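Colleague: Given next are the chains, with one letter for each unit.
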Amino acid sequence: MSSEAGGDLSGNDALLVDRLRSGDADAFAEIVRTWSPMMLQAARSYVSTDASAQEVVQEAWLAMIRGLDKFEGRSSLRTWLLAILANIGRSRGVREARTLPMSSLGSAEGDRPAVDPNRFRGSDDKWPRNWTPLGKPRPWPRPPEEEVMAAESRTQLEHGLAELPERQRTVVALRDVHGLSSEEVSALLGISAGNQRVLLHRGRSRLRGLLELHFVAGDPVMGT
Amino acid sequence: MNEERRTPGMTVHCQEIVELVTDYLEGVLDANMAAEVAAHLELCDGCDIYVEQIRATIRALGKVPVSTLSEAAQAELTRAFRDLRGPAGP
Numbered sequence: 001m002s003s004e005a006g007g008d009l010s011g012n013d014a015l016l017v018d019r020l021r022s023g024d025a026d027a028f029a030e031i032v033r034t035w036s037p038m039m040l041q042a043a044r045s046y047v048s049t050d051a052s053a054q055e056v057v058q059e060a061w062l063a064m065i066r067g068l069d070k071f072e073g074r075s076s077l078r079t080w081l082l083a084i085l086a087n088i089g090r091s092r093g094v095r096e097a098r099t100l101p102m103s104s105l106g107s108a109e110g111d112r113p114a115v116d117p118n119r120f121r122g123s124d125d126k127w128p129r130n131w132t133p134l135g136k137p138r139p140w141p142r143p144p145e146e147e148v149m150a151a152e153s154r155t156q157l158e159h160g161l162a163e164l165p166e167r168q169r170t171v172v173a174l175r176d177v178h179g180l181s182s183e184e185v186s187a188l189l190g191i192s193a194g195n196q197r198v199l200l201h202r203g204r205s206r207l208r209g210l211l212e213l214h215f216v217a218g219d220p221v222m223g224t
Numbered sequence: 001m002n003e004e005r006r007t008p009g010m011t012v013h014c015q016e017i018v019e020l021v022t023d024y025l026e027g028v029l030d031a032n033m034a035a036e037v038a039a040h041l042e043l044c045d046g047c048d049i050y051v052e053q054i055r056a057t058i059r060a061l062g063k064v065p066v067s068t069l070s071e072a073a074q075a076e077l078t079r080a081f082r083d084l085r086g087p088a089g090p
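Line order of the protein sequences matches chains A and B. First residue of the first sequence: 1, per my numbering; consecutive thereafter. First residue of the second sequence: 1, per my numbering; consecutive thereafter.
I should point out that these hints are in silico values taken from the structure, not numbers from a laboratory. All figures in this text were calculated on a predicted structure; none of them were measured in a lab. A hint or two may mislead.
[Stated by the list, open to error] Pairwise CB distance ranges (calculated):
| no. | chain 1 | residue 1 | chain 2 | residue 2 | range |
| --- | --- | --- | --- | --- | --- |
| 1 | B | Glu26 | A | Asp111 | 13 to 23 angstroms |
| 2 | B | Thr7 | A | Asp116 | 22 to 32 angstroms |
| 3 | B | Gly86 | A | Ala14 | 14 to 24 angstroms |
The beta-carbon is built from N, C-alpha and C at its ideal position, and this holds for glycine as well.
Please construct the entire structure, taking both the sequences and the accompanying hints into account.
Modeller: What follows is the structure, encoded as structure tokens:
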């Protein structure tokens with residue numbers, strides 16, 4: 001049985017686990033291809049170099065191979081794999097003496113409003129704290145994910161992600177680039193669901209602002 | 001003067017909407033607040049555009065290229081899988 005015949009294996013845990021347990025190397029190669037990118041992103045939050053992160057991911061896969069018989073199906077296989085990764089990443093991070101205080105939300109880090117306050121009316125306005133005529137968002141010329149815009153948006157977003165504070169970048173990347181659930185991200189990073197949302201919110205708001213700046217470039221009211 | 005403020009959708013300001021958008025999209029607002037935000041988006045062009053732009057940003061993020069393990073590392077893992085779990089004997 002080829003991996004193509006199985007379709008998207010990541011969506012069918014029971015079948016996938018059966019195939020892995022029966023030693024189906026195609027199925028294994030497929031999940032390595034599908035899940036390694038998100039694991040690498042997650043690993044980067046525990047260790048300080050890309051090389052280390054690669055090692056963490058490889059170790060996690062090896063641990064997964066060895067532990068496959070212990071998987072009980074109480075979570076999805078992906079979530080279980082992420083828990084393995086988190087354990088390996090944390091102990092590696094401790095050895096590297098890398099301390100990333102994911103659990104506390106510092107205000108020094110990007111604690112800015114989602115939108116420039118100058119784009120809203122004052123509190124004593126007839127329409128308090130509503131958009132001013134000039135501050136009001138205007139539609140982008142085309143959706144940023146549309147093909148003609150896609151390359152440009154991707155470049156903008158790659159730069160934007162790189163410039164986000166680390167924890168915002170990690171959360172936005174895991175959620176929106178790699179498609180992890182809020183529960184998976186909270187567990188990976190050891191943060192509360194609320195903190196996870198705050199980081200996601202700050203990161204997404206900034207990136208929207210960046211695309212706006214790009215798409216509505218030259219419009220003087222659109223400054224940050 | 002507060003007539004507008006009591007209209008559904010107008011009890012929450014645009015400046016608050018842009019801070020509630022993530023909780024709204026994540027589905028964690030309580031039912032009343034979620035209905036209030038939805039009503040506001042019906043009435044307010046600016047906020048409607050704003051929320052759609054957040055959605056568009058999320059969709060575009062889904063297309064950002066990602067890095068992964070090298071082909072060699074992936075092949076090595078698959079070899080390890082065969083060694084450790086492969087079907088025994090022909």
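Colleague: If you check each hint against the structure, which ones fail?
Modeller: none
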